[in-house]
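Asks: Assemble the whole structure, with the sequences as input and the hints as a guide.
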Amino acid sequence: MEKILSEVALIIGGELSGDGGIKISGLNRLDMAKEGDLCFSDEIHIEDAKTCAATAVIIPSSYNGEFPKPVIKVENPRAAFAKLLEIFTPKIEIPKGISDKAFIGNNVEISADATIMPFAYIGDGAKIASGTVIYPHTYIGHYAIIGENTTIYSNVTIREYCKVGNRCVIHSSTVIGSDGFGFTTKEGVHTKVPQVGNVIVEDDVEIGAHVGIDRAAMGSTIIGHGTKIDNLVHIAHNCKIGANCLIVAQTGISGSTTVGDNVTFGGQVGTVGHITIGGNSIYAARSGITKNMPEKFFGAGFPVQSHTDWLRMQATLQKVPALMKRISQLEKKISEKED
Amino acid sequence: MEKILSEVALIIGGELSGDGGIKISGLNRLDMAKEGDLCFSDEIHIEDAKTCAATAVIIPSSYNGEFPKPVIKVENPRAAFAKLLEIFTPKIEIPKGISDKAFIGNNVEISADATIMPFAYIGDGAKIASGTVIYPHTYIGHYAIIGENTTIYSNVTIREYCKVGNRCVIHSSTVIGSDGFGFTTKEGVHTKVPQVGNVIVEDDVEIGAHVGIDRAAMGSTIIGHGTKIDNLVHIAHNCKIGANCLIVAQTGISGSTTVGDNVTFGGQVGTVGHITIGGNSIYAARSGITKNMPEKFFGAGFPVQSHTDWLRMQATLQKVPALMKRISQLEKKISEKED
Amino acid sequence: MEKILSEVALIIGGELSGDGGIKISGLNRLDMAKEGDLCFSDEIHIEDAKTCAATAVIIPSSYNGEFPKPVIKVENPRAAFAKLLEIFTPKIEIPKGISDKAFIGNNVEISADATIMPFAYIGDGAKIASGTVIYPHTYIGHYAIIGENTTIYSNVTIREYCKVGNRCVIHSSTVIGSDGFGFTTKEGVHTKVPQVGNVIVEDDVEIGAHVGIDRAAMGSTIIGHGTKIDNLVHIAHNCKIGANCLIVAQTGISGSTTVGDNVTFGGQVGTVGHITIGGNSIYAARSGITKNMPEKFFGAGFPVQSHTDWLRMQATLQKVPALMKRISQLEKKISEKED
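Protein sequences appear in the order of chains Y, B and H.
Mapping of the first sequence onto the working numbering: position 20 corresponds to residue 130, and the numbering continues sequentially without gaps.
Mapping of the second sequence onto the working numbering: position 16 corresponds to residue 126, and the numbering continues sequentially without gaps.
Mapping of the third sequence onto the working numbering: position 16 corresponds to residue 126, and the numbering continues sequentially without gaps.
The list treats identical chains as one, so a pair stands whether inside a single copy or across any two.
Listed below are the simulated DSSO-like cross-link pairs for lysine-lysine, each with C-alpha atoms no more than 27 Å apart in a straight line: (1) Lys133 with Lys160; (2) Lys211 with Lys237; (3) Lys206 with Lys302; (4) Lys144 with Lys237; (5) Lys237 with Lys273; (6) Lys302 with Lys406; (7) Lys133 with Lys193.
For the record, the hints were derived by calculation from the structure and aren't laboratory data.
Source: prediction; values computed, not measured.
Replies: Shown next, in the form of C-alpha cells:
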C-alpha cells in the first residue's frame, strides 16, 4: 500500500503543508519511524516528531511553530491516524460459508452467514450463529453453542455442551471446557470425579491465547459478560467470574471461586479455591489471594493484604538489617551499664 | 432430557414423597438450583435444601422431619445423584474406527477397536492400542506408542518416540516431547544441544490442558503411573516424576529434577533443576523449591521452608513495624538514662 | 537399532578392550543404564561407571586403571557419545514438498525445497522459504513470511503479517501474533483497541511450546536474533527483546518493555510494562521487575533488588524471630532497672 501525502491529507480532511507528492509507504510510531513512514504527534511530543526519521507527520492544528518536514494538520492527530491504520492495513479476506475441507457433524446448525474455515471440526448437534468465524484446526464439540459475530481463532478447543456468547473473541490454542482437576484419593490412589458440567462464556468476552477454562464438575463455570482475559490464564472448574473483569496474563483462579464484577487481576495473580472476591476491586500483579475478600479492595502481596500495607511492609523489610544493628548497640550499652 | 419425578425415583430406587408427576429438566447444586432442577442434600445441608430454588430434592432416608418440597429418599443421596448425572448428561457418540479424513502414515499399527477422528495425524511407525480415542487435530509423532483405553483430546501433540500408557487422559493443546531447553553458550551465542531422548507417560496418568512435558536430552523424561497433572504445568527435560503425584496448575519443574511418589504440588509452585524431592510430601501453592528435600515434608514459601516455619515467619513479618517502635522507645529510655 | 561393540568402536575410532561381539541395543546415562546399554564416563565418574548396569562404557584414553566391563577408550568420550546418539536415534523421514492434504491459499510463495505437511494451513499471500518445514495443524496466516531452514512444529499459529526469520525452531502450540491485551475503559465497559501491528521473530530464534507473543498495537513486537525462549512464556504487545537472550519457562514480559541483548530471565520471572531492562544481565527465577534496570545487573526478588541484597534480606528475615526475643529481653532489663 502506497499513497502520496496529498491523498492522505484528503482522506483525513487535514491541511497539508509541504510537498504533497511524496510517497507514504507505511504508518509508524515516532520512535520506530523510518523513511517512507507517516507518524502522528500530539503537542507534547512535537520536538521528538521534528527529529524522527519519518517522512511526514500528522500534527495538531493548534501548533503554530516551525516544522522541518511535510505535515498534515488536523484537530485530533490520534483519531486521524487510527483511520489511516485501517486503510493501510489491508483487511484479510476470508470467504463466508463452510469450507469443503471442514468437518461438519450430524444435526449441526450453521448460519448461512457464518464462516467455517478449512480443517475446522464441528461436532454433532453444535450451533454456530450468524457472522461468526471459526478458524482452521478449531474443534467445536458436540452440542456446543456459539453466538453471533464471534471470532474463534485457530487451534482452539470448545468442548461438548459449552456455550460462547455473542461478539466474543477467542484467541488461538485456548481450551474451553476441559475436565476440571477433581479426584478422590483412597490409599494414595487418585480416582477421577466425573466432570459433567460445562462452561458458559457470556457476551462480549475476549479470551487470549493458551487460556484454560475448565468445565464444572456439575453446573457451569461462568465467565461474565464483557470480561477480558489475557494469555496463559487458568480458570478452574466451577468458578464464577463477574462482568467486565480484566484478568492479566498467567493468573490462576482456583476451583469454585466467585469473583464479583469489575475486578482487575494483575499478571501472575493466584487465588485459593472456594472463596468469594468482592467486586470493583484491583489486585496488583503477583497477589496471592488466600481468603474471602470484600468489595472495593486494592490488594497486593502474598498472603494478600491492602496495597498500602504491602507497600509499608516492603519498606519496613528493607530496614530490618539496620534494626539489627540498633539492637546490638542497645544490648552493648545495657551490658556496659550492668558492668 | 426431561423426566417426571416418579420415573427418577424408580431409577434410583428411592421412596417418593410428594407429586410424582412434576417434570425434572436438570440436575444442579443446591446453591445454583433453579425451577425444574433436582438437587441432592445430605443431612447437614437439609435446611439449605428446604429453601433452595430446586423443584425437588433427594434426601437421606434417615431424615424424618418435614420437607416443603417433593423429595426422593434414598440411603446415599450423593451416590444416587451421581447415577442420575450420567443419565441426564447424554454421552457423546463417537464412531469407532479410523476417519477417512485422518492422516495415517506408513507402517502404523492401529487397533481395530481404536478411534481416530478427522484431521488426526498419525506418524510413520506409530502404534495405537485398543479402546484408545485420538481427537481431531492431534499429532501423534513417528514411532510414538499409545496404550489401551487412553483418550487424547483435540490439538494435542505427542512427538516422535514418546510413549503414553494405558487408561491415560490427555487434555487439549498439551505437548508431550517438545525439545528440552538445552543450549551451550560460547561468546554470547547459544547453540542447541540435541534433545534425542523421549517422554514416557506411565499408566493411569491424567494431564490437563496446555501442559508441556519436554523430551529428555538423552534417555527419558518420566511421568509415574497414577500421577495427575493440572493445566499449564511445565515439566522440563529429564525430570522423573513419581507415581500418584498431584501437580496443580501453573507449576513448573526444572530440568533433571526427581520427584518421589505421592507428592502434591499446589498451584504456581516452582523448583530449581537437578534436585531430588522426597516422596509423600506436600508443597503449598507458590512454594519455590531450591534444594534437595527429604521425604514426608510439608513445605511452603520461597525459598522453601517447612509450612510451620513459613506460617511463623509470615506472622512475624507482620510484627516488624511494631518492633521498630519498641526499639525506638528503648533507645529513648536509654538515652534519657544516659542524660 | 542394534550393533555389536566392535562396530561401535570402529564408528567412533576408539580402542576396544573386552568382548567386541556383545550386542549394544541402546545408549543411556550412567544412572539410568540397563543391560544392553552403552554409556560414557569422564574420569570423575569412573567409579560410578564401573558399577553401573550398562553392558559397556566409553571411557577416556587417559584412564589406565582396571575396568570390570568391556570399554572403548577415546580421547573425548562425550563427543564420541554424541556422534553415536545421532546414529542410534533414527532420523524421522518427512517427504519434501506440499502435502495434498494441506490447504494452500491464493498467491502463496512456497519454495520447492520446503515441506508442508498434511492439515497445515497456509493463508493468502504467505511466503515459505527454502528448507523450511511446516508440521500438521499449523496455521500460517495471510501475508506471513517464514524464512529459510526454519522448523515450525504442529498446532502452531503464526497470525497474519508476522515474520519469522531463518533457522528458527518454533515448538508445538505456540501462538505468534495474537492480539495484544489493549482496552480502553469507559464507565466500567472495556472497548478493544485495534491491534494492527505484527510480530517479527529474527534469525536463529528458538521458541518453546505454548509461548504467546502478542502482535503490536502498532509497529512490531520484536524477538532479537539468537534469543531462546522456553515453554509457557508470555511476551506482551510492543515488547522488544534483544539478541541472544534466554527466557526460561513461565516468565511473563508485560507490554512495551524493552530488553537489551544477552539477558537471562530465570523461570517464572515477571516484569511490569513500559520499562527498559539493560543488556548483559541475569534475573534469578521468580524475579519481579518493577522499574527500569541498568546494564550488567544480577537481580532477584520481588520487588527486584540485586541478587546480593536479596540473599542478605532472605538471611536477615530468618533472624527476625530471634530479634523479637532480644528486644523483649532488653525491655525486661530496662524495666527491672526502672523498678
